[in-house]
Amino acid sequence: MSELIRVEDLRVVACGERGEVEIVKGVSFSLEKGEVLALIGESGSGKTTIALALLGYARSGCRLAGGVVQIGEHDMLALRESELQGLRGNRVSYIAQSAAAAFNPAKKLIDQVVEGALIHGLGSRSVLEAKAIELFRDLALPDTERIGQRYPHQVSGGQLQRVMAAMALISDPLLVVLDEPTTALDVTTQIDVLRAFKRVVRERGATAVYVSHDLAVVAQMADQIVVLNGGQIFEQSATAPLLKGPAHAYTRSLLAAARPDTTIRPPCGVAGDAPLLTIEGLTAGYGNKNPQGMPSIRVLEDIDLTVRRGQAIGVIGESGSGKSTLARVVAGLLSPALGGLTFDGQPLGGSLSERTDEQFRRIQMVFQNADTALNPMHSVGNILSRPLKMYFGLKGAALRERIDELLDLVRLPRELAERRPSELSGGQKQRVNLARALAAKPDLILCDEVTSALDTVVGAAILELLRDLRQQLGVSYLFISHDISTVRALCDDIVVMYSGHKVQEGTRQSFAQPPFHPYTDLLIHSVPELRQGWLESCGTTTCGTLPSLGAQAPVAGLCTFLNRCPVRVDGLCNHTAPPRRIIDGGSEVLCHHDSAELLKNQQDANSMTMGAYA
Amino acid sequence: MNNLIVKPPTAAVALALGKDAHATSWLGLVGAAMCVFWLLVAIFGPWLAPHPVGEVVSDNVFDSLSIAYPLGTDYLGRDMLSRVLVGAQFTVGLALVAAVLASGLGTSCALLSVVSPKWLDELISRLMDAFISIPSKMLALIMVSAFGSSVTLLVCTAVLSYSPGAFRIARSMAVNIEALEYVQVARTRGERRLYIACVEILPNMLNPVLADLGLRFGFIVLLLSGMSFLGLGVQPPDADLGSLVRENIGGLNQGAPAIVIPALAIGTLTIGVNLFIDRLSSRRSRRTGGH
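Chains A and B supply the protein sequences, listed in that same order.
Taking this note's numbering, I'd label the letters of the first sequence as residues 1 to 614.
Taking this note's numbering, I'd label the letters of the second sequence as residues 1 to 291.
Derived from the structure by calculation, the hints contain no laboratory data.
Quantities reported herein were computed from a predicted structural model and do not represent experimental measurements.
Glycine included, C-beta positions come from ideal geometry on N, C-alpha and C.
Treat the hints with caution; some may be incorrect.
Once the Cα atoms are required to be at most 20 Å apart in a straight line, the calculated EDC-like pairs of lysine to aspartate or glutamate come out as [what the hints assert, rightly or not]:
#	chain 1	residue 1	chain 2	residue 2
1	A	Lys108	A	Asp75
2	A	Lys33	A	Glu22
3	A	Lys289	B	Glu122
4	A	Lys289	A	Glu301
5	B	Lys118	A	Glu354
6	A	Lys395	B	Glu191
7	A	Lys198	A	Asp172
8	A	Lys395	A	Asp371
9	A	Lys107	A	Glu81
10	A	Lys389	B	Glu122
11	A	Lys198	A	Asp179
12	A	Lys131	A	Asp111
13	A	Lys441	B	Glu191
Over 12 Å on every C-beta distance to chain B, these chain A residues come out as not near it, computed from the model [to be verified]:
#	residue
14	Ala58
15	Glu235
16	Ala238
17	Leu333
18	Ala373
19	Asn382
20	Pro421
21	Asp594
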């Protein structure tokens, strides 16, 4: 087999205010037919720019400045725009990160899937629709005959991403470019989508370029990996040797940052015994309230939680599990419908107006997105000085000294105080965000997905900083994340949430080996591992066969995980509410199964993968 | 007046060169020059006028440009230069005061309604909706017929007609900003409402508010000119630019400068202000990294 794709000395320039800047600096690689090549790197590494250059496309403000992009018999950089249009979506196709933004919400899925192929004249509508249905089946979509008749908002995010793959593959392209296709999905959904992609790519012998920042995902998909940084290739090799023995120091740092819990451990002996924050029977939600004061959409149901002084509690769950709402209630942004909060022995008001200044100071919140968490009109110095003036009345030299101290604490250079947020990098912004919370000398910091929007290496550095701060200052964290390895790197105790319920709570150690709650088990085993063949070997899946189930009894408090649970029992799970019980390892779960049953199921299913988690 | 005739070609040349960044800053400078020019005219005009505003100085009506009367004469033979110099202060002054008041009132109400409890927000919003449904010309006509024409009344009318629009725009921006995380952080920090409105929200919506102010200034100039054109604005012997157009309407078929000049003055004033405000906005957003 010969080279299908050949990229040689590709250069892309961006036109900035200060003239042209080279953002892709002479990149070369080649790919044989039927192979999958991964472009991996952090934001700004030029991976998406290179992927788009394969389609002969440069984003506005960018220009393909030189080099060769040869795809089959086509020299993409030499073709005219009209000729490129004939190739795009036909011989070369593209799968974007956000399927939700890539579909027209006003048209049926099937019309959008065949649209491109119809434009390129690849067959009649009926032939193409038959082919689309075949692709839907290969991609393991449910109800393949009729799913095309639905509109984009009527299918789930993971399904939409697979429909988009069908759209890209319907023209039997020479090359498929996948740009971070699973980044926006929950881990439990990602695993199904990856499996579907992999099967389709293998079966159809498609050649693909897979763009991602996640080495573990890439390890499942790719034959070749190209590691990029700052528009240059740092390392390029087959997947197995790269994972085993990375040659470049940068690749090693990427590998280390991919699983922070292997390098970072929470500090010992910081947590005290005195409870700092106690949450009892908390129910909260959004929407209009009924006469009993219950909101129409209930997001949290009967949550109990205790954060001790100096302790870090991690809250994990997928999107929609209510984890961020929990932080908003503690911060006072949302009033609870039922239940109460106690902070350091004093009742904590549900709304902001019921809280004292001292309580405001002692509870600080750090948001996920540092871009919107810092006021773009204020300088870093101003942002940090406000809580200092407000809570401690600092002025003049004392104020400046404390700002310098805070910048030192989060390891930022002191000159940064003069800058505005737009002049900082993502990691620097998140540090400023953290410094603002620390300025209040709080007892409890609520961290809402603080590392999710950051590159892995930068995120790992922030985690390390959080750990050191905890050791130094004895501050408590309520750390919210969707990523279990981040939580394990920082927290003593872990709470797993599923659709507003606390399904498991236990120490960090109890999450190292089974038994788990069935949902925790699914969550843990959906996180891709850094080895090839994990995708094929891992047992748990959400689309596998579940035990059959009769109709649900009209009982309040039935298990919410019922519809996805692989160990559900007909007649029990759908008729009675599950009890809370303590299982081996000391964690508390909300499940009908006892420790032995859970252990048996989970060891059977995961016996092949257990090694990596012990 | 000379620089007004010279400047537009320069802007056109800059545009023709196709250098966007340069063109906008050139246009901004032109706009700034127009604004400064009209501001100076409004302040010093009455002293510079060679003749008293109501004095008939020539036997020729609708005279063309000459050394003695640089802008010709009007329908009674009065010096047009003097009348424009004096009239500008009414148009510029009244419109500026009214636009700043309307925008200020609208924006303050918007900020108040965003940080206040829901019932107050509803009350303010519905009240503004009621005002917005009244056509501005109708309102002005009713006010004038009820209370008679005076300068204060004209300003009040303009503020009443244009602040609800400013409120709507400012509120929709403030609601979006209020949902952003830095405002949420400020709220959980225990900040007072006034601080959140003025320090966290206002600076981030100032660009569009300024652009809106410029637009509203233009509308108010047109409203006041329109009122004067109907004879309900500034009363004789004083005249604003709008009344100058109306009283000299008889010269239209002769193409007399007496009608062209005040019309041109209204045009350059509103265009100048808009160019200037645009430049201010784009510079502010560049400085903060854009939105």
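Structure versus earlier hints, numbers of those that do not hold, lowest first: Result: hints 1, 2, 8, 9, 10, 17, 18, 19 and 20 break, sorted rising.
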